[in-house]
Amino acid sequence: MAQAKPRTLFDKIWASHVVEALPDGTAILYIDRHLVHEVTSPQAFEGLRLAGRRVRRPDATIAVVDHNIPTTDRRHGIDEPESRLQVETLEQNVAAFGVPYIPVLDDRQGIVHVIGPELGVSLPGMTIVCGDSHTSTHGAMGALAFGIGTSEVEHVLATQTLHQRPAKNMRVEVNGRLPAGCSAKDIVLAIIGFIGTGGGTGHVIEYTGETIRGLDMAGRMTVCNMSIEAGARAGLVAPDDTTFAYVAATPFGPKGEALERAIQYWRTLPSDAEAAFDHSVSLDVADLEPMVTWGTSPETVVPITGRVPDPDELTDLTRRENWRRMLDYMGLMPGTKMTDIPVDVVFIGSCTNSRIEDIREAARIARGRKVAPGVQALVVPGSGLVKKQAEAEGLDAVFKEAGFEWREAGCSMCLGMNPDKVARGKRSASTSNRNFEGRQGPGARTHLLSPAMAAAAAVTGRFADVRELS
Amino acid sequence: MEKFTKLTAVAASLPMANVDTDKVIPSRFLKTIKRTGLGAHLFDPLRYNHQDGSENPEFVLNREPWRHAGVLVAGDNFGCGSSREHAPWALLDFGIRSVIAPSFGDIFYNNSLKNGLLPIRLPEAVCEQLMADAAMGANARLSIDLERQVVIRPGGEEIHFEIDAFHKHLLLEGLDDIGQTLEHAPAIDRFEEKRRAAMPWLPATTEAAS
Ligand code: SF4
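Chains as they are written, first to last, in numbering that gives the first Met the number 0: chain A, 0 to 469; chain B, 0 to 209.
Careful: at least some of the hints might be erroneous.
To be verified - Here are the simulated DMTMM-like cross-link-like pairs (lysine to aspartate or glutamate), alpha carbons at most 25 Å apart as the crow flies:
| no. | chain 1 | residue 1 | chain 2 | residue 2 |
| --- | --- | --- | --- | --- |
| 1 | A | LYS420 | B | GLU54 |
| 2 | A | LYS11 | B | GLU161 |
| 3 | A | LYS369 | A | GLU356 |
| 4 | A | LYS254 | B | GLU192 |
| 5 | A | LYS425 | A | ASP464 |
| 6 | A | LYS254 | B | GLU191 |
| 7 | A | LYS387 | A | GLU400 |
| 8 | A | LYS167 | B | GLU161 |
| 9 | A | LYS11 | B | ASP188 |
| 10 | A | LYS4 | A | GLU19 |
Quick caveat, the hints were computed from the structure, so don't treat them as lab data.
Next up, chain A with everything else stripped away, as it sits in the complex:
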């Protein structure tokens, strides 16, 4: 018998979800999980209503609010009328279409990409979609997870499938012992700095190598989360014992014999040894340093020991102009040492870095120190469950004593759709994933970094090398 062609993890998940392969190379792809939030779903439900369609599989769908909700006490509702309307619209839609929903005041409420894995809703081998580009986060489970637009949200609600063309395979291999002071966030910022914001376009990135294998699930989620920042629609990490232990501890994942059977299947998923990738890059992190972005694109990143670069060193004129514009927006001079740049706001949160592991890292630096005068520092757990866990460990007290604000779960200052915004011209050290112009509020200047580095910035009032604080 001829040997079957070696396949990648992506190829295997793809093949197992093809409902129908079409002659033009596209496929009707089955979707196992559909996560829904308030911002990208109203027009989709309206579309269903207009066409007289129903939700095909409410039991494969789960809805939660995260983008719009305030992170202060929510028992009295939402003040901002447009945000309130969007949340109420979701609540009416889930009721009308019978979609399972986690209410605002429930402990399980949180950022959609935090709660999926945490609850055991996102599992290995699945196809998972959400009307949100950071759905790539769930790829850390060994699932094919990608963001979709509102028309596709409607398509999945109506058919539980998507009409898709297979992506190309890209492998990013990361080896080397992760130095002290560095985290998954520094790895992924370094990867994006290396391959660029368009480096993964058209591809699904599988992260491999001993460093990735050595990351816990939170770290793998941080890495997969930012795949979209490298242009890839999805990121993947092969499921292994770390994954299975994580799933076993989730409240709603399979248990007992069901879990055993699932694991047996999940063990067949990793890429075959000989599988071909369309594109491969590798990175050694043995000499990695904590990273900080300086511009308005996630690829504009330097080590904390570095300086703001000089556009005049570029030969490409378009890029030079681009860098100049960024520096102008960011209010930075070429040659400035990163550690000389003062910060006004510190945000620890977002679907990139708001899990309990991230909160612990930040608390380790905050413990026994004080937020620098004039700095506003926010800690926003990714979910109500993360918040509860942190409080059980006394971390909320650590932050509050240090002068950080301890908030309720949500997207918060990651994109400022709720009241948490960075004011115009203010400089923010943020653990989120996008430093685009205006992302955290009109005119806000965002620098991306790890939770420990964010906490270090909060207590020193400038970007600081966390290795000198630990």
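Please build the complex by placing chain B with the ligand on the supplied structure of chain A, with the hints as guidance.
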């Protein structure tokens, strides 16, 4: 979805790489529950002065004749970033029916196709030529013929572009792709049944939210 067959329009050029969707339509305008009305906020950070909300007279879409642009010629990686379909909705609401660029963010590209906004990938050098055409303003309209898959420059030169046959068909006919997929409903039923039998351990979301 509105059909897309042929278009002749003023083209505006936006010679910037990596124009992300936060720049196309910032998040504070995503609080709508409708698809319409977003054109006023298209490119808000570039188009308006933040001090008083007045128009930035330098920005191409605030100048004649590009206020009436129907085509946008943009830089590399246009529409990268978030999945917000508000980006194509805002472009359409403004009156832009086609964006031409060397490359696009994947989700933006898909979202555009589903709304009758035609994204056209052309090599960088060609885009630069089209930008030069666009700079000539009203005397230099670009035409696009989707059936023949060509962009026609003001001088009559035709430039071929690629688009997959499926989306071309949907755009030409103005069809909804959910309707197309529902024709496969029996196959979806069969797939679902097999999957349920093979993987009974897949939990229902109803448990997680109850
Ligand atoms: S935390 Fe930020 S990136 Fe993540 S889903 Fe919310 S808004 Fe999007």
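Hint by hint, here is what the structure shows:
1. A:LYS420 / B:GLU54: holds (24 Å)
2. A:LYS11 / B:GLU161: violated (29 Å)
3. A:LYS369 / A:GLU356: holds (21 Å)
4. A:LYS254 / B:GLU192: holds (22 Å)
5. A:LYS425 / A:ASP464: holds (21 Å)
6. A:LYS254 / B:GLU191: holds (22 Å)
7. A:LYS387 / A:GLU400: Holds, because 18 Å separates the two Cα atoms, which is no more than 25 Å.
8. A:LYS167 / B:GLU161: Roughly 18 Å separates the two Cα atoms, so the pair holds.
9. A:LYS11 / B:ASP188: Status holds; Cα separation ~21 Å.
10. A:LYS4 / A:GLU19: holds (20 Å)
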